[in-house]
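Hey, can you piece these two chains together into the complex? The hints should help.
So the sequences go chain by chain: A and B.
Counting in my numbering, the final residue of the first sequence is number 235, and the numbers go up one at a time with none missing.
Counting in my numbering, the final residue of the second sequence is number 693, and the numbers go up one at a time with none missing.
Calculated directly from the structure, the hints in this document are not laboratory data.
Careful, some of the hints might be misleading.
[What the hints assert, rightly or not] Okay, derived cross-link-like pairs now, DSSO-like style, lysine-lysine, Cα gap no bigger than 30 Å in a straight line:
{"hint": "1", "chain 1": "B", "residue 1": "K248", "chain 2": "B", "residue 2": "K362"}
{"hint": "2", "chain 1": "B", "residue 1": "K448", "chain 2": "A", "residue 2": "K39"}
{"hint": "3", "chain 1": "A", "residue 1": "K39", "chain 2": "B", "residue 2": "K444"}
{"hint": "4", "chain 1": "B", "residue 1": "K547", "chain 2": "B", "residue 2": "K647"}
{"hint": "5", "chain 1": "B", "residue 1": "K448", "chain 2": "A", "residue 2": "K37"}
[Claimed, not checked] Some chain A residues near chain B, calculated using beta-carbon distances under 10 Å:
{"hint": "6", "residue": "D16"}
{"hint": "7", "residue": "T55"}
{"hint": "8", "residue": "T220"}
Since the model is a prediction, treat every value here as computed from it, not as a measurement.
For each residue, glycine too, the CB sits at the ideal point set by N, CA and C.
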Amino acid sequence: MKIEVIYPEICNLYGDLMNAEYLARSCGAELVNTGLKEKPRFLSEEIPLVFMGTTTERGQELARDAFAPWLDGLKQRTQAGGLTLLTGNALELFGEYVQEDGNRIPMLGLFPIHAERRMMARYNSLYLGKYGEMDIVGFKSQFSHSYGDNGEGLFTTTRGAGLNPDVKAEGLRWNNLMATYLVGPLTIVNPPFAKELLRLMGVEEPHLEFEEAAMDAYRTRVEEFSDPNRGFTYH
Amino acid sequence: MKLRFILALWAAKLSQPLLKITGHKGTNFPGELALKLCPEFLRYIAKPARIVAVTGTDGKTSVTNLICDMLEASGQRVLSNRAGANTNAGVATCLLSGATIFNRTKFDVAALEVDERSAARVYPYVKPQLIAVTNLFRDSIMRNGHPEFIASFLTANLPAGSKLVLNADDLISSSVAPDNPRVYFGLDRLPTDVTDCVNRLNDLRICPKCAGKLEYEYRRYHHIGRARCVDCGFRSPDYDYEGKDVDLANMTMTVADKSGSQTYRLLSDSIFNIYNLLTAVAVLREMGMDHQTIAGLAEKIDIVSSRFQAEKVGQVEVVMQMAKDRNALACSRAFDYVASRPGEKEILLMMNNLSDEVEWSENVCWLYDCDFEFLNNEQITHIVTTGPRGKDYNLRLRLAGVPEERISWARKEMDAADKLYLRPGSSVYILYGADNRSLDMAFRVREKVVKLAEEAGK
Ligand SMILES: [Zn+2]
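The shape of chain B in the complex, shown without the other chains (with noise of 0.2 Å):
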């Protein structure tokens, strides 16, 4: 066994410049070709002293960006596969960049991002002192069925012995694993939380122990926020690590557990991040850094977003916001944070799967799960459809009560931003899905947006 393993090291690494001369940088390849080798790869490459992994249906890959950015600001040698796959492959592909060829690693912890499925192909050979579950929610309703079933998935496969940082404001996710170890972070009230569910998608509707009616001291969205049974008096557990006083206005938020509390610079506004950063800093506080040394690492660091860009061109600025595909989640928190910001906005809709359209056609349920309600707002004053999946969207706008007048339709992607108003002092969000085709397609249609925009502005 110690023979193959070595080969498939060897093999894999071999791999590595020479993809890189081919172009394919930045592939799975190596840490498929060691895995193929070496079904046991991942139990004998070597690894860092300390490894946090980060699991969840949204923000595993920001918040592992974030505990990444924070302990190599604080001169840590870090190891992460935030730049390829969360897959085992992608672990084993980010492990083997991080050993020599004589099986050393040259880190001193490694951040790794874990995708839910891939739990029991990475689990049984790493195991991290922390994993982080950031929430669980519907996903790709063909990978992952149900969150019910990821958790019982994750039960079943995190490691005994890891210490689980867990969101107590998600009664899914901060119930998996119940033997282990753990610690939760969650938000206090905010001035935006409701009570009752507003959103379509609800994923847990009932108490988790005897099916009796959850009550919502607040909500923030969706399932999540602080619940209690009425019947058996079950609730969310309490916080460990406690975010709250967050204001916008100053772009700060406080976080307080038991040794303390400090106030920390938002690098978002969106609710998302501001739990994405509340993560990070449990898992640092839990990795033994103090508060004051965590926030003076918040200080140095910047979101460095894929999911977020604007850029004013022109009279117009041009908005690029990842909106996942096949994820109801996703999508309604991108409508709803879009719905939210300021001014007069266009939105040309392509968060068609185009990867999906080579093998079959979409699955389009998740439309139906989804708030496009949120794209019913008198600032968003017109929307572009288009792509495969475009006539859905027609359908699915007016159903959402979009009115018709607001609503034009193209088929291909690139004759779509013709149809864009693009009116001086107005936003075009270009909302697009995360598959590799369809990021591709969606940044040739802003580089013609941009032009657009320019030609409009002079």
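In isolation and in its complexed conformation, chain A is listed as follows (with noise of 0.2 Å):
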């Protein structure tokens, strides 16, 4: 079993990368990395998780300059019900466009989403959601929110913004394309979700490396970010 890094010597920041390995390492599937310059495995490969991290403001366009020609595959991935996780601005790859003051940077718009970003505006807090029954806890640090229609979304948010500040759904779902805003090691702080993943990559019974520790960091984050006198963001 793989799981496909896609570019991960630019959509490496915030400890994203960590996402991947932690489930390659509590399901034992190898760890495939793909470059700029190469051709993504999940093309011609049977790939049960396809991951995407956060990256710069340039990572973003050379990202996206590399992947347009493949985003008709990950359509048919899609379609056929494969599993992609896009954490923090790689969310922004599918979306239409990223507007910073008066520039219009387009984007692979498979989503009808767009970005507004303000270099000078950073925009950090916690979150607390839900993703069916179960609490999603995380961090968002980000120098841009994305408006537009996202549904449902990926999550559900109870404290925190959503696609932005204004709404409550977080993130972008299409069949088993997911993508987030939340940056870091989503998969690490919500083990219950990492399991769902590794449930959704055909693993039959899963069982997370280290998981009665990171249950215990878990339990304490939720209990935490549910106590309505913490403070929810960073100035």
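In structure tokens form, the structure reads like this:
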């Protein structure tokens, strides 16, 4: 079994790569890295999970140009139920464009959303939400929010921002293509969600590496983030 | 505007003795007040004729201190914000303290540490002849985002006339403000260098010009080293000031430039501090001092390190090692350094940012950019985790391969001290964060550890 990491040489900010590593270590999958100048493996091989993480603003444009020829392949993969996870601003790559000051930077246009970027107004917040009945905790640290129709999104926000601070639906979902603005070790701080991903990858009785330690930290964090007296944004 | 400035100057001046009386020494209040009363305070405040600024992710405090100490040892009157903050308010407080009530400067030279993010608020008014940029790495993700952003921010805000003293071994910081006059320093190949990156944190994996593959002639750690692009030929700049022949047994290094070379005494054996010394030497050379004079000054000073303190207590060595919280690079370097020190060690991990806990809950993304793997080491026999993020550390350590039986946990920091074994002949490293609340807590814990070690020694 393989997990493919797309463009790790640029999509590697904020510990995001650990998401793929943790899942791979938990199910014994092999991690395969696909570079900017390579053709993604999922186009020709059985790949239970494709992952792409947060990148820089320059990185977004490099990733967009590199990935454009493979967008149809991703659509087919998603229509067939293939699992893909995008974290942080990898989400924006699949919107229509990124707006910065007077500048409109086109993106891949898979979803009817666009991002508005303000480099001098970084948004930092904790996140508490739901995936079905499951509590989701996480962190947002970003220069932009997205706007447009994201349907029910990936998560339903309890506290914090959705796709933007005005909506509850967080992230994007089309079949098993999942995108979220949450950055960093999403799968590590959310062991139940990590197990769900493993199930979707076809692992029958998923068990996480150091699951007890992960659950211990998770329960503490859910409790903290649920405390209404706990501050939620960073200034 | 001038009247406004004079009022600001006097009001801020008056606040200084008042703060001393009320025990608020060393705060930025005077500078904040001055900036509030006169937003262009930094433009009008008297400044020494010569100004050197130091910026960059890591090492800026140490480099500023080195420059300041060596200039003072040479008999110059040096103004520095070493005791205060590195923001515009910190710089304002510093310049204020160096000016008379008639707005005349009392100093020959200013050595200023300037936070990267404060560039836009400092440099429009303060124009250093020299600006040293130590390096740029991923820092607090909340404040700094990523180093590419900080590099472009510096490019947009460094004054056009300032000559830059840049680290040739860092392709991110050495590329800032390409139109500015510049010199480069760098450290020749070391025996411990590698070519592939062994660290989780690697902020530059592709050529900054063409996105091609970078190949390293030698790599110190992370993205630091000498690289070239296999696709377009872009490569690290040549050294104007080359550190070489680093000899840790004799604690010396040679610095060579176009006018000759000189042996310098090293003040510390960590590579980071070797870079810091090299940076300071390059700055002083650019200020017109000759090698021999600088080497003589370096003999006279010591690193007054608030970041590393070791003390023998009973049969145990108690070491305070700062590991800047929320900073994967600083913690990776600290872990690597601690792991490389000889002998059996216990570690008390408390880089929790306690100030964050007041505001929200610490963002722990940096734990997964940081090389906790260095702590998976046979000679590190016990690690105690504690504080609000203790359980996150537990999990991170397990993922780094540290066996469960080597990890203990206590929620409260003071209780964590009781978990230590304090075996005779071993060392205890207290790794602590840099925010004020954490500093305070770290030194209280240290006191307890010292007491326990004394009792164990009886
Ligand atoms: Zn190139």
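Check each numbered hint from earlier against the structure, then list the numbers of those it violates in ascending order. none
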